[in-house]
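> Listed here are the chains, written in short residue letters.
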Amino acid sequence: MSTPLLSAQNVSIYYGDKQAVRDVNLTVQRGTVNALIGPSGCGKTTFLRAINRMHDLTPGARVTGRIVLDGEDVYGPGVDPVTMRRRVGMVFQKPNPFPTMSVFDNVVSGLKLAGVRDRARLMDVAERSLRGAALWDEVKDRLKTPATGLSGGQQQRLCIARALAVEPELLLMDEPTSALDPASTARIEDLMTGLKQVTTILIVTHNMHQAARVSDTTSFFLNGDLVEHGATDQVFTSPRDERTEAYVTGRFG
Amino acid sequence: MNEPVRPRPLTRAPLSARSDRTFQGLILALASVIVLVFVLSVYQLGRESWPALREFGLSFYTERTWNPVSGQFGAAQMLIGTLVTSLAALVLSVPLAVASALFVAEYAPKWLANPVGYLIELLAAVPSVVYGLWALFVIAPILGRWQQGFFADPANVALYTRCQDLWNSGQTTLQCFFVPSAFDGRGLALAIIILTVMILPYTASVARDVIRLVPADQREAMYALGATKWEVISRAILPYARAGILGGVILALGRALGETLAVAMVIGDSQEIIKSLWGGASTMASVIANQFGDAQERLHRSSVVALGLGLFFLSVAVNFLARVVIARLTPKGIQ
Ligand SMILES: Nc1ncnc2c1ncn2[C@@H]1O[C@H](COP(=O)(O)OP(=O)(O)OP(=O)(O)O)[C@@H](O)[C@H]1O
Ligand SMILES: [Mg+2]
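From first to last, the protein sequence lines are chains A and B.
In terms of this note's numbering, the first sequence opens at residue 1 and continues consecutively.
In terms of this note's numbering, the second sequence opens at residue 1 and continues consecutively.
Watch out, some of these pointers could steer you wrong.
As the list claims (entries may be wrong) - Under 7 Å between C-beta atoms, here's a sample of chain B residues computed to sit facing chain A:
id	residue
1	D217
2	A221
3	L225
4	G226
5	P239
What the hints assert, rightly or not - In silico lysine-lysine, DSS-like type, Cα no more than 25 Å apart, as pairs:
id	chain 1	residue 1	chain 2	residue 2
6	A	K94	B	K229
7	A	K94	A	K140
8	A	K112	B	K229
9	B	K110	A	K18
10	A	K112	A	K94
11	A	K112	A	K140
12	B	K110	B	K229
13	A	K140	A	K196
14	A	K94	A	K144
No lab work stands behind these hints: they were computed from the structure.
For each residue, glycine too, the CB sits at the ideal point set by N, CA and C.
From just these sequences and the hints, can you work out the full model?
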């Protein structure tokens, strides 16, 4: 196998004195979709946010161990979290477009942060990103209208497009469909398979079917521990740990 | 013996329905009182200003001469004075207020943020007259010293002489506008300074509250795209909060337009055309404060009240405009 895109080595995460993630080791290969599953409060979000250093913004939060993205320790000395975050896209649980910006400005907001001013280039990237998020046909005639005029599902795809626009090596998605209706959810699930061509996805989900449908590997968290990590087929059909089996068969969680 | 059982809900429901109705009536009565007071004050203002408005017509608000001796009354000069002092104070105070709100909401550690926020709010609780005294005894001498220093230079004295000729003929130039015309520090500039401080807490505390209310996911979305703290503030937080901040600005403007006592104490009460930033001027409110007591003559008195009427409509217009603008700027339809 080639070198993994992401590797977490002995990662522990604390909120003050409270340990929320314990000694996690995990690797993610390029061009795959990886699901993080587990009961509420087990540390999935906490782990996900450690990867793009969002915990830097939470007073009292602390990350130990190494998280290596494409050969570079993201917590290494001299790493600027601001430039580091440009390499990682993030999609949140609730659609959160910038409400005072147009559809177009939302999509290119990351590029503008990176200093891109060239209109033609921005337009190009906006179209490509919106196509990538399967939203282009629905919004191509209203790029200049406020982003909040879109439906919830469209807003979430807009947020995906916004994340894609900076061509992230890794896309983090924290329950991206939990606030959406089944039709919008299906659209976003369909999207993910295509997105593997351009990026690598780490997705937190509570929906077992979603994990089984879209992901190549699955990691099962429980009380801050990574209990099991492996190919999705294997985790769902022949889990090695009985706690995993109990969870994926719906006996708890 | 068996007592017949009474259905209990019947005795309870009408009671609560009755108290609901009583409460509703009370609220309605209170609301009507407010409307009544409003209508009565407009009526009274209108009645009292009628002699002046009949005499001068609407040109009362566009004429520049205000001369109680000759019985000539025009409010244009005070209207300009009101707008100039208020807008200048707004321009100076809004950046300060937003900066202090950002400091309190985004930068300061908690142990510092709360006391600083409290101090800023306290500024709003200081009585006008205290601001007026502070301006006269603290700020005016400082400005006065600067003005005296200005005249220590012979070249400036020559400039002053030239400007004075202009001023006497009722004119000014941009250069002369910034030449001091007095030595005691009082005047338009002092009024602007004091208004700036007085309205600062209104914008600052409203801005602080709306900045704190910007949802975390808006900030995080911007951070996750690779933004610095300042970029998060300027591209996510301030745009999201702009309508609310503008609400605070309008509140401050309303306050500045109507501020009376402190301005009346420091502005130099001159009804002549504004020729220098450092010279005397007057606002609608300051003229009311300074002249109402002495206005024995009927037309004079009525003209002073007409100033009040104009100020009233100016405030209403500002508030109306503010509502329109705020409604347009408020982010809508967030999922
Ligand atoms: N900012 C915080 N401060 C303190 N404790 C926190 C904070 N955020 C999360 N926690 C705690 O850390 C643990 C893991 O939380 P986390 O949000 O990562 O769970 P999760 O697996 O994402 O759950 P869910 O499926 O409900 O989203 C929980 O016990 C939670 O209470
Ligand atoms: Mg979570």
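> Compare the structure with each hint and give your call.
Hints versus structure:
1. D217: holds, 4 Å
2. A221: holds, 5 Å
3. L225: holds, 4 Å
4. G226: holds, 3 Å
5. P239: Hint holds; B:P239 Cβ to chain A Cβ min 4 Å, cut 7 Å.
6. A:K94 <-> B:K229: Measuring from Cα to Cα gives roughly 22 Å; hence the hint holds.
7. A:K94 <-> A:K140: holds, 23 Å
8. A:K112 <-> B:K229: Cα-Cα ~15 Å, so holds.
9. B:K110 <-> A:K18: holds, 22 Å
10. A:K112 <-> A:K94: holds, 23 Å
11. A:K112 <-> A:K140: holds, 20 Å
12. B:K110 <-> B:K229: This hinted pair holds, its Cα atoms lying about 18 Å apart.
13. A:K140 <-> A:K196: holds, 24 Å
14. A:K94 <-> A:K144: Since the Cα atoms of A:K94 and A:K144 sit roughly 23 Å apart, the hinted pair holds (cutoff 25 Å).
No hint from the list above goes unmet by this structure.
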